[in-house]
Structure formats: C-alpha cells, structure tokens
Amino acid sequence: MKSDGFFWFFRGFNYIFIKGEGGGVHWSNDLNSHITNESRALGFFLGQYLKQDKVKGLGFDGLYYKGVLTEKDRKIEIINRLLGIPIKMLDKDYPKEKDPKEVYEYLITHIYKGNQKIAKEYPLIVKVVEEGIEIFRKNNYEYTWISKKKRITGKGITAKLVGHININRFILTLEFEYKNGEFISKPILETPPNEYSFKHRFKDILIDGATVKITDRFDKVWYEYPIPPSSAKKA
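Numbering (my numbering), first residue to last: 390 to 624.
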C-alpha cells in the first residue's frame, strides 16, 4: 500500500483502517488532514479488541477498507500484509456536518458493507470486528485501557499509564495505586482522538529513584513526575 503509507503494522492481526475516496479532507485539520480522527479512533479501538481475541494465522496483519470511486474491476487483495477491501465511498456522501457520532455511523456502515465481501472466506474476522463495533457503540464511542503498568519496588505502589478515547479527545493519565487501596491520578497528555497524534508519545514507565519517567516511542523521556506519598503517610 505504498501510495497510502500513513501507518505502520506489526505482526499479529491488530489494526483496522478505513479511508474515504477523498480521504476525509472535510473532517480533520491534523498533520494527516486527509485521515479523519474518527476513522483513526475507531480503527484503534477495533485493533485493541482484535488483539484481545488473538485472531492469527491469516497471512495478513489488518484490514484496510479503501474508499473508491467505483468498485468495478477492483478486487480484494493482500498488499503489504493488509487485506485491502474496496468499497464505494464518495466525497459527496460524507456527513455534511462534523458530528463525530454521525461520522462514526457513516464509517461503520461502510465497514459492514466491506465485511459482506469477505464474510464467506473470513467469517471469524467479520464476527469479531462486528462484535467490537457493537461494544464501541454501546460504550458511546468511548474506550479506556491500561497501556502500561509497573510496580515500584519497595514502596507498595503500582504506576499505570491509562488511555481514554471519547468522541472529542484522547487523554493519557498517570495513575498511582497504593497497597492501601488509594489512587492518585494526573492527566499528562491530551490530543485529538487519533492515534497518529498520540500513539508515538508514550511507550514505557521508568522508575528513577523517587521519580517516574515516561518515555516515547523513540525511548526518550518526555515527562517526569515525583512519586507522590499516600495520604496515609502524610497523616
């Protein structure tokens, strides 16, 4: 998929991407303005859901629902370890207003259309993808997950990076869980709900003495925070 090289795939079936015929230029002002926040957020959630189901052994790593002007003579094929599914998805049919829920439903409708083309050959994929979509809808297009967890030796504290996507924003929170049940949390990153904006910004939790350090995808420290004492110790 050389001409559409906007993202990277890792081994294991773990990503879904949908792009309209014109790329959705009406919907996003990010660096990748031709890719919508909604398509990225929906794809990211479904990718996380697919990881949980551990779908594997397919010969490809993800699904690419590719909007085209016409489906005539366009075939389903594996390109760069993605199963490309052409679907008619025209600029003129895009939602006229940027209502995130309306955009999600528009994208979901076209995913279902694409799924009809692969249901006979890949029934398990279709089943899991559509289960994930219904969970996403049920949760009002929101998703919360623990990206990283690390126990702080000798302190009875666990540090976590918790991600949350809703229809407007992605929020990354640094949480501290104490053995007495206490929680302390601090939001440390907020971006559009689009993994192109946030995914490279955090990778790991490092413990350096009394300080927690957060590294990015390039293993560089971009955030530091002193480990807070519990209120029990303060008392």
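A couple of the hints might just be wrong.
[As the list claims (entries may be wrong)] In silico BS3-like pairs for lysine-lysine, Cα to Cα no more than 27 Å straight-line:
no.	residue 1	residue 2
1	K461	K539
2	K588	K538
3	K592	K568
4	K490	K461
5	K609	K588
6	K544	K440
7	K537	K602
8	K516	K539
9	K485	K509
10	K537	K487
11	K527	K516
12	K527	K490
13	K609	K592
[Stated by the list, open to error] Here are the simulated distance ranges between beta carbons:
no.	residue 1	residue 2	range
14	N469	Y501	48 to 56 Å
15	P576	Q505	37 to 45 Å
16	A599	E531	31 to 39 Å
17	K568	I465	51 to 59 Å
18	L447	N528	21 to 29 Å
19	K537	K568	16 to 24 Å
20	Y501	E531	45 to 53 Å
21	K481	N557	23 to 31 Å
22	D462	F572	16 to 24 Å
What the hints contain is simulated information worked out from the structure, not anything from laboratory work.
We treat Cβ as the ideally placed atom computed from N, Cα and C, and that holds for glycine.
Structure-based check of all given hints:
1. With a CA separation close to 52 Å, the supplied pair K461 and K539 exceeds the 27 Å bound.
2. In summary, the hint linking K588 to K538 is supported, as the alpha carbons are separated by about 16 Å, within the 27 Å threshold.
3. At most 27 Å may separate the alpha-carbon atoms for a hinted pair to count; K592 and K568 meet this at roughly 25 Å.
4. Taking the CA atoms of K490 and K461, the gap is near 30 Å; set against the 27 Å cutoff, the hint is violated.
5. Straight-line distance between C-alpha atoms of K609 and K588 comes to about 14 Å, which keeps the hinted pair within the 27 Å bound.
6. Proposed proximity of K544 and K440 is contradicted: the alpha carbons are some 32 Å apart, above 27 Å.
7. For a cut-off of 27 Å, the pair hint linking K537 to K602 stands: about 12 Å separates their Cα positions.
8. Restraint check for K516 and K539: not satisfied, since their Cα atoms lie roughly 34 Å apart, outside the 27 Å limit.
9. Distance check on the hinted pair: K485 and K509 sit about 34 Å apart at the alpha-carbon level, beyond 27 Å; violated.
10. Between K537 and K487, the direct Cα distance comes to roughly 33 Å. Violation of the 27 Å bound is thereby established for this hinted pair.
11. The hinted pair formed by K527 and K516 meets the criterion: a straight-line CA distance of about 17 Å does not exceed 27 Å.
12. Restraint check for K527 and K490: the C-alpha separation of about 12 Å stays at or below 27 Å, so the hint holds.
13. This hinted pair checks out: K609 and K592 have alpha carbons roughly 9 Å apart, not beyond 27 Å.
14. About 24 Å separates the C-beta atoms of N469 and Y501, a value inconsistent with the hinted range of 48 to 56 Å.
15. Under the hint 37 to 45 Å, the C-beta atoms of P576 and Q505, about 41 Å apart, fit the expected range.
16. For the pair A599 and E531, the beta carbons lie near 34 Å from each other, so the given range of 31 to 39 Å is met.
17. For the pair K568 and I465, the supplied restraint of 51 to 59 Å holds, since their beta-carbon distance comes to about 53 Å.
18. Take L447 and N528: their Cβ atoms lie about 27 Å apart, and the range 21 to 29 Å holds.
19. At roughly 19 Å, the beta-carbon separation of K537 and K568 lies within the given 16 to 24 Å, and the hint holds.
20. Our hint of 45 to 53 Å for Y501 and E531 is violated, since their Cβ atoms are close to 21 Å apart.
21. For the pair K481 and N557, the beta carbons lie near 26 Å from each other, so the given range of 23 to 31 Å is met.
22. Between D462 and F572 the CB atoms are about 57 Å apart, so this pair departs from the stated range of 16 to 24 Å.
The structure is inconsistent with the numbered hints 1, 4, 6, 8, 9, 10, 14, 20, 22, although it conforms to all the rest.
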